[in-house]
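**Q** Let's have the full structure, built from the sequences with the hints guiding it.
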Amino acid sequence: MPVSTENSRLIYEALKACGVRLASALPETWLVHLIRLFEDDHEVTLVRLAKEEEGVGLSVGAHLAGVKSVMLMQNHGFLASVNGIVSVAQLYRVPLLMLISQRGGLGERDPWQTEGGGVSEHVLRALRVAYDVLDRPEHVARRVQQAQTLAESSLRPVALLLTRNLMWEEAT
Amino acid sequence: MKRLEALQAIYAQLEQCVVVTIMGAVAAEMQSLGHRPNFFYLQHGMGLASSLGLGLALCRPEKTVVVLDGDGSVLMNLGGLTTLARYRPPNLTHVVFDNESLLSVGGFPTATSTGSDLAKIAEGAGIPRVSSVRTLAAFERAFGEALRAKALTTLVAKVDAVGPGAFVTDLGLLENRFQFKRWLGER
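Just so you know, the protein sequences line up as chains A and B, in that order.
Numbering-wise, the first sequence is residues 1 to 172 according to our numbering.
Numbering-wise, the second sequence is residues 1 to 187 according to our numbering.
Hints are computed from structural coordinates only; laboratory data are not their basis.
Source: prediction; values computed, not measured.
The reader is advised that the hints may include incorrect statements.
[Said to hold, decoys possible] A short, non-exhaustive set of chain A residues, derived as facing chain B with CB atoms under 7 Å:
(1) Gly19
(2) Val44
(3) Leu46
(4) Glu54
(5) Leu58
(6) Gly61
(7) Ala62
(8) Val88
(9) Gln90
(10) Leu91
[Said to hold, decoys possible] Derived list of chain B stretches under chain A, where covered just means 3 residues or more per stretch with a C-beta under 8 Å from a C-beta of chain A:
(11) 91-98
(12) 128-137
The beta carbon of each residue, even a glycine, is placed where N, CA and C say it ideally should be.
**A** In structure tokens, the structure reads:
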């Protein structure tokens with residue numbers, strides 16, 4: 001499977017450097033290596049979810065307990081989490097670091113992935129969630145740190161979109 | 001049994017616990033008994049109180065976490081029961097007040113009024129300890145046992161569909177959130 005192990009590791013190391021100690025995830029192809037890295041790391045509690053919105057609850061609980069966390073999900077997981085993001089994280093001013101694999105962009109071969117990617121940025125903007133794109137390995141460490149810093153200072157959700165160029169090693 | 005009586009019966013035991021309640025009647029009734037800094041009221045995000053409690057329980061394993069949930073909320077996040085069961089923190093007690101109704105929004109009947117059984121669902125999800133009670137004495141006993149059991153427990157308490165006259169209290173949402181986090185951070 002041509003998911004980039006190297007770049008998955010870069011993201012993992014950047015999250016570790018930020019002090020992330022709890023990760024919630026629902027498996028998605030591009031995230032398999034990243035999830036496995038967290039699974040093998042005994043310093044981090046990995047919580048495998050039934051549905052992504054639970055991850056908002058997990059992260060809010062972790063924050064109130066003084067623990068930094070990350071949500072790992074796909075576009076549709078983000079879309080499934082919107083109510084939790086608004087009615088818990090934003091209502092209660094809780095920092096939420098969300099890493100969203102941005103499927104459905106140029107090069108997408110799976111027909112079923114082609115709608116979610118198109119709306120995710122619009123929804124992020126509608127929610128007034130600050131976000132950036134992770135497209136190149138050399139940006140990973142800095143932007144993950146920046147996202148975490150803003151989430152903590154603003155006490156709001158912040159998202160990073162993981163693109164095909166970063167996560168997938170084949171040309172198309 | 002009335003939920004307010006049930007809350008009153010366990011109120012003293014909640015002093016040493018990390019407590020999360022759902023919105024509406026449960027939050028208002030708890031506050032009517034007396035707010036404490038270790039009580040967090042999730043005034044929206046229906047369904048997520050149990051997930052929030054799971055996050056707290058996993059991050060603070062030395063604390064006893066109590067989630068005071070309701071049938072309407074649990075029905076919105078049934079998958080969350082499977083996640084609770086999967087990680088089964090021994091320090092989490094999950095109380096579900098089942099009044100078979102979405103009382104806070106006008107009393108519309110939920111699926112538990114037509115036979116859906118949340119205790120059986122919790123059991124089927126894999127929650128290690130599940131009990132269902134209908135009387136105040138049984139509730140008090142089952143709650144005490146759950147705290148002592150050191151095993152994830154879901155306790156379904158059938159209660160009357162009655163609640164307070166008003167739901168808005170003078171405790172601000174953010175005031176509650178920051179006070180709760182500070183309390184937990186100091187302990």
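**Q** Mind listing which of the numbered hints don't hold for this structure, in increasing order?
**A** Of the numbered hints, 1, 2, 3, 9, 11 and 12 do not hold.
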